[in-house]
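**Q** Sequence:
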Amino acid sequence: MPTFANFNVKTTIDCKQGAVRAVRYNVDGSYCLSCGSDKKIKLWNPISGLLLKTYGGHADEVTDVAGSCDSSYIVSSSLDKSVIYWDVSTGTPVRRLRSHAGGVRCVCFNEDSSVAISGGRDNAVMCWDIRTRRLDPVQVMKEARDCITTVLTNENRIYAASLDGCVRTYDIRVGELTCDKVGEPITYLAQTRDEQCLVAGCQDGVVRLLDCETGGLLLEYKGHQADDYHIECGILANDAHILSGSGNGHAFVWDLLEGKVLQRIRISDNGGVVHSLATHPKRQEMLFARRRDMYVFSADLQIEEEQL
1 MPTFANFNVK TTIDCKQGAV RAVRYNVDGS YCLSCGSDKK IKLWNPISGL LLKTYGGHAD
61 EVTDVAGSCD SSYIVSSSLD KSVIYWDVST GTPVRRLRSH AGGVRCVCFN EDSSVAISGG
121 RDNAVMCWDI RTRRLDPVQV MKEARDCITT VLTNENRIYA ASLDGCVRTY DIRVGELTCD
181 KVGEPITYLA QTRDEQCLVA GCQDGVVRLL DCETGGLLLE YKGHQADDYH IECGILANDA
241 HILSGSGNGH AFVWDLLEGK VLQRIRISDN GGVVHSLATH PKRQEMLFAR RRDMYVFSAD
301 LQIEEEQL
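Its first residue numbered 1, the sequence shown is counted upward by one per residue in full-length UniProt numbering.
Since the hints were derived computationally from the structure, they do not count as laboratory data. Hints are all accurate, no fakes.
The calculated lysine-lysine pairs, modelled on DSSO-like cross-linking and capped at a C-alpha distance of 27 Å, are: (1) Lys282 - Lys53; (2) Lys222 - Lys282; (3) Lys16 - Lys39; (4) Lys181 - Lys222; (5) Lys181 - Lys142; (6) Lys260 - Lys10; (7) Lys260 - Lys222; (8) Lys282 - Lys10; (9) Lys53 - Lys81; (10) Lys10 - Lys40; (11) Lys40 - Lys53; (12) Lys40 - Lys81; (13) Lys260 - Lys282; (14) Lys39 - Lys53; (15) Lys40 - Lys16; (16) Lys39 - Lys81; (17) Lys142 - Lys81; (18) Lys53 - Lys10; (19) Lys16 - Lys81; (20) Lys260 - Lys181; (21) Lys16 - Lys53.
Could you build the full structure based on these sequences and the hints that come with them?
**A** Set out below in structure tokens:
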């Protein structure tokens, strides 16, 4: 059983890009990205808080961003109905992809970053071959009956969460679709590192642990406030702790197996919705977004381990 150490704030960054819509780590956690209502993406050093690059090219709020497996490219989604594929070092758009009929809410890469997957307010999931110059999606999935809030993928599957209360699993190998009904609007979806479970943040103020194979409910985590906000959830790198933002300036950490609250993290005394978060791929570290700020939290345990 991994030891739990309380998380404390290490860095607070005023992103200066209006409201921060999403925060994400790159593949190895050495850098992080913030998406703003000012239509820009910013690349940061999360430890020093140093701004490294700004990416401008969207015509509306940026909703999500993901880094490629070699950190050379990023892909972003926006309410301007487009997906942009960026060169990290030059800061220029390599390709602008437009097929969604509504704002694009979420985006991710596949494992070798040859395909980008996006989900939108038009209820569609689209797959884009970004290694070619093809501007049309190679596949469009339109089974959802409401906005797509998260897309995830691993070697064999694509997961899509929707406000219609369902998690849809597209099995790439056999071309099958499985629909698991949660029954509440799902605002975010994350997968454990061992790929056995999904964590679904729902608008009814409950985070649910789902079995990837059966779609069955394994456990529920409660205590935070959702209040119809799009609040994200996540799993720490040790696969032992679940976390979620909250509508009252806090974040919560639960024990994955027992479901009990291990820490209620006070992000701000002034309230505000802690809506977006990201967990470090290796360390006990995480990012939170609240209003115009990004917060870097880490566990004291990590410092102790480095000193040993």
